[in-house]
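**Student:** Under our numbering, think of the first position of the sequence shown as 2, with each following residue one higher.
If you're looking for bench data, these hints aren't it; they were derived computationally from the structure. Certain hints may be false.
To be verified - Derived pair list, reagent style DSS-like, types lysine-lysine, alpha-carbon separation capped at 25 angstroms:
1) K181 / K427
2) K350 / K119
3) K322 / K181
4) K427 / K374
5) K322 / K55
6) K55 / K350
7) K427 / K208
8) K350 / K322
9) K77 / K350
10) K293 / K272
11) K208 / K272
12) K77 / K55
13) K427 / K55
14) K272 / K374
15) K208 / K181
16) K272 / K322
Here the structure is a predicted model, which is why all the values come from computation and not from measurement.
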Amino acid sequence: MTGRRRTRTTSPTTPRPRKAKLLYASALIACASVAVGCGAIPGATGGSGDGPVKVMTWAPEKTNATNKPGMPALAKAYARWVNAHGGINGRRLEVLTCNDHNDSVAAAHCAERAADEKVVAVVGSYSQHSRNFLSPLESAGIPYIGGFGVTDDEFSSPVSYPVNGGQGVLLAGLGEQLGKNCGPVSLIRPDTIAGDELPVLLDAGLKALGHARAVDQRAPEDATEYSRPTQLALQHATSQPGLQGCVVPALGDRTNTFMDSFRRDSSDYRKVHTGTVIGSIDQSQIDASGGKSGPYEGAYVTGWYPTADDSRWNPMRAVIKEQAFGDNRIDPADSGVQTTWIAYTVLRKVIESLGAGEVSPLTIRRELDNGLKVTTGGVTPTLSWRFDAQTAAADFPRLVNADVTFQVIRDGRLTSQRSGFVNMTKTLANAD
C-alpha cells in the first residue's frame with residue numbers, strides 16, 4: 002500500500018469529503034438532471050454502432066515506488082483474446098494504456114487523454130492520485146471500473162465501480178486475523194496521505210477482537226533501507242514477555258526492502274510473527290526472498306481473492322497462456338493482474354447485456370447503476386452496484402464487496418488459513 006506524497010502539488014480542485022450514502026444519492030440526482038456534465042458528452046461513445054469498443058487501462062511503470070506493469074499488459078492480452086474469438090457481441094475491443102508514473106500530474110493527463118480519446122470506460126487500473134484523475138473522468142462521465150482500491154475516493158465517486166474492498170477491507174481484515182494470533186502489533190506504513198488511513202483501519206479489526214491498538218510507525222515509501230523502522234517495530238513487538246508480537250509492513254513494493262532490513266535485525270530480538278496484505282506481498286516476492294527459508298515464512302496475509310493456485314483462476318491462466326505466453330510482466334499471482342481480469346469480466350458482461358444497443362460511457366453507467374449482477378467465476382461474490390446493494394460503511398458508499406480471505410505462508414507458499422470469504426462490513430462500519 003502506497004500513497005500520495007505530502008510534498009506533491011495537489012489538484013486545484015477542492016478535495017471531496019467522504020460522505021455517507023445521502024451525498025452519493027444527491028450526486029446521482031445531479032447527474033440525472035445535468036446530462037452533459039455527468040456523462041453524455043456528444044460523440045464520446047468510443048463504441049457505438051459496429052465500431053470498436055475503446056477503453057483505457059493505466060498503472061505506474063518503471064518508478065521508484067509501486068509498479069503494476071502486469072495490469073496494462075493483461076488488458077492488452079485480454080483484448081487480443083476477445084478479438085481472436087469474435088469480439089464482444091461482434092465488436093472489437095480496443096485497449097489504450099497509460100503510465101501514471103506515480104505522479105499526480107501524469108495521472109491527470111491519463112484521465113484527460115481518456116476523455117480526448119473518447120473511451121467508454123477506464124478498466125482495471127491502478128493510481129494513487131484519485132483526486133487528480135477522478136475529476137476529469139467525472140466531468141466526461143467516464144466510468145472507472147475495477148480500480149485497485151488504493152484510495153478512499155474510489156469508494157465515493159459516482160463514476161467508480163470497484164470490484165474489491167480496497168486497502169480498507171484488507172487492513173481491517175488483517176486486524177481481525179492478527180487479533181487472534183498476536184501480542185503487541187507494530188504497523189509500518191508510508192508517510193503519505195493515503196498511508197494516514199491505514200492505522201485506523203487496522204485498529205478497527207484489532208478492536209473487533211478486543212485487541213489493543215497497533216503502534217503506528219511512519220516510514221518513507223521510497224527508502225532504500227529500513228534499519229531504524231525495523232528496530233523500533235521489533236522493540237514494540239517484543240515488549241510484553243510471554244506474548245509473541247507481530248510486525249506489519251504495509252509499504253507496497255518497498256515491503257521487500259523493509260524485510261531485508263528486518264531479516265538482519267530480527268536476530269537480535271525474540272521471535273515475532275509478521276503480517277501484511279496482498280498488494281504489499283505476492284507469491285513472486287516470497288519466492289525471490291528465499292521461499293520457506295525467507296523472512297516471510299509463517300506470515301499472516303489478508304487478500305481479496307482466493308489464493309493463486311485456486312482452480313477458479315484457470316480461465317484467466319488460459320487467456321494468459323494463449324495470448325501472453327512468455328510475457329514476464331504478467332504474473333497470474335499478482336493482485337493487480339487479478340483485479341484487471343475481474344474488471345474486464347465486468348466490462349464484458351455489461352457490453353453483452355447491452356446487446357445491439359449503443360455502447361457509451363452513459364449506457365455502461367446506466368446498466369451498472371440499474372442493478373446488473375456480474376458473476377466472476379467465484380473469485381468474488383456476485384457484484385452489483387445498484388444503490389441498495391452497497392454496504393452500510395458510511396465512509397465507503399461505493400463499496401459493494403467487503404469480503405477478504407485469510408491466508409498464511411507455509412513452506413514458502415501462500416495458502417488458505419481459513420476457507421471461504423470473511424465479510425468486513427460490520428468492522429468497517431465501526432472504524433473510528
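**Student:** Tell me the hint numbers this structure goes against, listed in increasing order.
**Tutor:** When the structure is compared with the hints, numbers 3, 13, 14 and 16 turn out to be violated.
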